[in-house]
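Student: Here's the letter readout for the chains.
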Amino acid sequence: MSIERIDAIIDKYVNEKGVLIQLLLDIQSEFKWIPREAIMRINKRLKIPVSEIYRVASFYTALSLKPRGKHLIRVCLGTACYIRGGGRILDTVEVALGIKSKETSIDGKYTLETVNCLGCCALGPVVEIDGKYYGTPTPTRARELLSHLS
Amino acid sequence: MIPFKSSSDLELFRKEIIAKRGSKREAVAVCASSCETRGGREIVGAFKEELIKQGLDDKIDVRGTGCLGLCEQGPIVIVYPQEVPYFKVKATDVAQIISQTIVKKELIQSLLYADPETGKKATKLSDIPFYTRQNRLLLENNALVDPKKIDDYIALGGYKALAKALLTMSPQQVLDEVKKSKLRGRGGGGFPTGPKWETTRNALEEPKYVIVNCDEGDPGAFMNRALMDGNPHSILEGFIIGAYAIGSHEGFIYVRQEYPLAVENMQLAIDEAERYGLLGKNILNSGFDFKVKIHKGAGAFVSGESSALMTAIEGRVGEPRPKYVHTAEKGLWDKPSVLNNVETWANIPLIINNGAEWFTKIGSESSKGAKIFALAGKVNNTGLVEVDLGTSLRDIIFAIGGGIRNRKKLKAVQAGGPSGGVVPKQFLDTPVDFDELKKLGAIMGSGGLIVMDEDTCMVDVARYFVDFLCDESCGKCVPCREGLKQARKILTNIVSGKGKEGDIEKLRQIAEASNASSLCALGQTSANPMLTTLRYFADEYEAHIKEKRCPALACKPLISFHVDPVKCTGCTLCARSCPIQAIDGEVGKVHLIDQAKCTKCGTCFDACRFNAVEKISGKPVPPPISEELRWKKPVKKVS
Numbered sequence: 584m585s586i587e588r589i590d591a592i593i594d595k596y597v598n599e600k601g602v603l604i605q606l607l608l609d610i611q612s613e614f615k616w617i618p619r620e621a622i623m624r625i626n627k628r629l630k631i632p633v634s635e636i637y638r639v640a641s642f643y644t645a646l647s648l649k650p651r652g653k654h655l656i657r658v659c660l661g662t663a664c665y666i667r668g669g670g671r672i673l674d675t676v677e678v679a680l681g682i683k684s685k686e687t688s689i690d691g692k693y694t695l696e697t698v699n700c701l702g703c704c705a706l707g708p709v710v711e712i713d714g715k716y717y718g719t720p721t722p723t724r725a726r727e728l729l730s731h732l733s
Numbered sequence: 103m104i105p106f107k108s109s110s111d112l113e114l115f116r117k118e119i120i121a122k123r124g125s126k127r128e129a130v131a132v133c134a135s136s137c138e139t140r141g142g143r144e145i146v147g148a149f150k151e152e153l154i155k156q157g158l159d160d161k162i163d164v165r166g167t168g169c170l171g172l173c174e175q176g177p178i179v180i181v182y183p184q185e186v187p188y189f190k191v192k193a194t195d196v197a198q199i200i201s202q203t204i205v206k207k208e209l210i211q212s213l214l215y216a217d218p219e220t221g222k223k224a225t226k227l228s229d230i231p232f233y234t235r236q237n238r239l240l241l242e243n244n245a246l247v248d249p250k251k252i253d254d255y256i257a258l259g260g261y262k263a264l265a266k267a268l269l270t271m272s273p274q275q276v277l278d279e280v281k282k283s284k285l286r287g288r289g290g291g292g293f294p295t296g297p298k299w300e301t302t303r304n305a306l307e308e309p310k311y312v313i314v315n316c317d318e319g320d321p322g323a324f325m326n327r328a329l330m331d332g333n334p335h336s337i338l339e340g341f342i343i344g345a346y347a348i349g350s351h352e353g354f355i356y357v358r359q360e361y362p363l364a365v366e367n368m369q370l371a372i373d374e375a376e377r378y379g380l381l382g383k384n385i386l387n388s389g390f391d392f393k394v395k396i397h398k399g400a401g402a403f404v405s406g407e408s409s410a411l412m413t414a415i416e417g418r419v420g421e422p423r424p425k426y427v428h429t430a431e432k433g434l435w436d437k438p439s440v441l442n443n444v445e446t447w448a449n450i451p452l453i454i455n456n457g458a459e460w461f462t463k464i465g466s467e468s469s470k471g472a473k474i475f476a477l478a479g480k481v482n483n484t485g486l487v488e489v490d491l492g493t494s495l496r497d498i499i500f501a502i503g504g505g506i507r508n509r510k511k512l513k514a515v516q517a518g519g520p521s522g523g524v525v526p527k528q529f530l531d532t533p534v535d536f537d538e539l540k541k542l543g544a545i546m547g548s549g550g551l552i553v554m555d556e557d558t559c560m561v562d563v564a565r566y567f568v569d570f571l572c573d574e575s576c577g578k579c580v581p582c583r584e585g586l587k588q589a590r591k592i593l594t595n596i597v598s599g600k601g602k603e604g605d606i607e608k609l610r611q612i613a614e615a616s617n618a619s620s621l622c623a624l625g626q627t628s629a630n631p632m633l634t635t636l637r638y639f640a641d642e643y644e645a646h647i648k649e650k651r652c653p654a655l656a657c658k659p660l661i662s663f664h665v666d667p668v669k670c671t672g673c674t675l676c677a678r679s680c681p682i683q684a685i686d687g688e689v690g691k692v693h694l695i696d697q698a699k700c701t702k703c704g705t706c707f708d709a710c711r712f713n714a715v716e717k718i719s720g721k722p723v724p725p726p727i728s729e730e731l732r733w734k735k736p737v738k739k740v741s
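Just so you know, the sequences run in chain order A and B. Residue numbers for the first sequence, in the numbering used here: 584 to 733. Residue numbers for the second sequence, in the numbering used here: 103 to 741.
In short, the hints are calculated from the structure, not lab data. Mixed in with the good hints there might be a few duds.
Unchecked claim - Just so you have them, the derived chain B footprint on chain A, three or more residues with Cβ under 8 Å:
#	region
1	595-602
2	615-625
3	641-654
4	672-678
5	698-704
6	717-729
Stated by the list, open to error - Here are a few chain B residues that sit away from chain A, every Cβ distance over 12 Å (derived from the structure):
#	residue
7	Q198
8	P273
9	G296
10	T301
11	H397
12	S468
13	L477
14	G485
15	R610
16	R711
All of these numbers come straight from a predicted model, not from anything done at the bench. The beta-carbon is built from N, C-alpha and C at its ideal position, and this holds for glycine as well.
Can you make the complete structure from the sequences, with help from the hints?
Tutor: Below is the structure:
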């Protein structure tokens, strides 16, 4: 990652109040995580204490302090998905990828997370793969979806 | 004409759009919201492509719309002007829909909705009981509006209420109308909207802020998303009217980042409204200024709480604060602030257009108007349902929801999300409104209704919610932070077969302490899932603790899968579907599950077509039958 790319994002928020979360979300979507360099840079340019940036970054689930893999797989465990077997789907994905929730595979290919609700409750259980939502009624379907990833 | 400088500018523009489109406008509406999980957006693309191919693209509009309601049967496509609804549409059906229904005006029988009882096909939405029993005041427009086009909203009479409020009413008159309507906040608390606005309006400090709450962190609820990605202008119109009544010139729309489409469509709506002179400086030449900014939430359930949401907008960690002084007086940056739910704001234009009196005729004694419910779980017609407040749970689940899936029995309904509680089936005739559900220990909340059948374990449901709340607790108050952690431990033990005598009493104590001594609603209501399941399903807790048995056959550590040698036909389907090859068997041979290997994923249970795979709980798995008998099928069940 380059300081220029971080600076370009910070530039959008200079002289505005209450920007930290929006700024970190932008960093997250650019780099797929919040690198230490970004935290230090925000601190230097916006004069926000490192402790505060770190606190916000560790509080919100959308912000990740660890690098994420090439593919982000999120299994929805919202109530509706859970009742309709979301837990089974998570088990299946964990076995298929060989990683647990909140982990990234050693080759950096996959990150697995759970999410509390994607708002597609009527079609659950839902799995989100790289930003696209899939209604995933059975473990077999979950394995099939993963097999398409490269 | 653009930007509009008066209400006549707006009216003229509206007439022009309608004249241009003609009364019998041909169009296709495709749900691109919830149906996206089943390829909704590909269908929109396929329509656009195919219409170009057939040279019809300038005659027929393709609308990628918000949620059309009956998600279970999605993706949904509606063909106008006939209003023919097609269900479970695939991208490969698109060419046929165009050539047959759009060009030749013929119906495609296989895509029509068939009544599950009578088999009768529905050629209009109004032929489907799911829709006829509703009062779709807000959701109806979802099918008629392309959320990315302000003209669609204007054509339907959009921003008429804004013009009326800004140009013919004083802020006080608007406020009085909202007060008279007795509208209550749709986010869960049910606080009367008018008096809330009044407090902020009368507060001395300036500036005043207004906020739309689309955090919708309550899992199982998606009505806010459906409104925001389906009809963002309806929210924006109500929001501007509210700001005018309150005397605010700056507003924030808080949307959770898990809803990227809602963020996108709302931003577009803001930009378009500004371009049209409906937002920004001197709106409709009324002298009223109002600017709006979107704030994306970064994922925290507690941020849905008003004071926590405000600190999140300030860019800090979303933690609630004591509300001895209401946020209506000291909110965002310590200034008077009104925060209302998406649905509350969207009701405002209806009230201004039709009058408070009209609004108070809808709904129950204490709760006026209609409300959108997200119907999910083990019900046939999952989707969004908008009904008058006071409609019974029975009507919602059976008349509209079509009853329970797979002919199972209803056990309970979880109302109001993690802060709500379960309502058992004996209370099905309870009218759903702000006050009636409270009497049963649950809440209506923002309108999430999750239907649970006999296969749902209520102890596990309690564990699920406590686990959720434990993760989402901000950690500020001890009873919530530490109490929930202990409760999670106890509940996890119970569902794993390690429950002890005294656990139930301990859970009750924790729940009561957290309820009495937490600062915010998350902590206070965290008791509800525990207390309601304990109240109505104590027998299930007892079975787990005393007999190590899960009556619903759901808790993995307490169940085993077993192949019934009598029913097994030796078809090998289960053995082939098992992801870890834990099933032994050949064609014609009774199959056997290796209990040591089995992960209890249930794939074999789903795969078996002869109901030969059974779940056992509270008793030992029968010993395997002899190798010889496995080939020669026994006549009597071997115990």
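Student: Each hint: holds or not?
Tutor: Verification of the hints:
1. 595-602: Since three or more residues must qualify, the claim that chain B covers the region 595-602 of chain A holds, with 3 doing so at under 8 Å.
2. 615-625: This one is violated; 0 residues, fewer than the three required, reach chain B with a Cβ under 8 Å.
3. 641-654: With 5 residues close enough to chain B, the hint holds.
4. 672-678: holds (count 3)
5. 698-704: holds (count 7)
6. 717-729: holds (count 6)
7. Q198: holds (23 Å)
8. P273: holds (27 Å)
9. G296: It holds; B/G296 is separated from chain A by about 29 Å at its closest Cβ, greater than 12 Å.
10. T301: About 23 Å separates B/T301 from the closest Cβ of chain A, which puts it past 12 Å; holds.
11. H397: violated (7 Å)
12. S468: Answer for B/S468: holds, closest chain A Cβ roughly 27 Å.
13. L477: violated (7 Å)
14. G485: Per Cβ check, B/G485 is inside 12 Å of chain A; nearest 5 Å; violated.
15. R610: holds (23 Å)
16. R711: Answer for B/R711: holds, closest chain A Cβ roughly 15 Å.
Of the numbered hints listed earlier, those contradicted by the structure are 2, 11, 13, 14.
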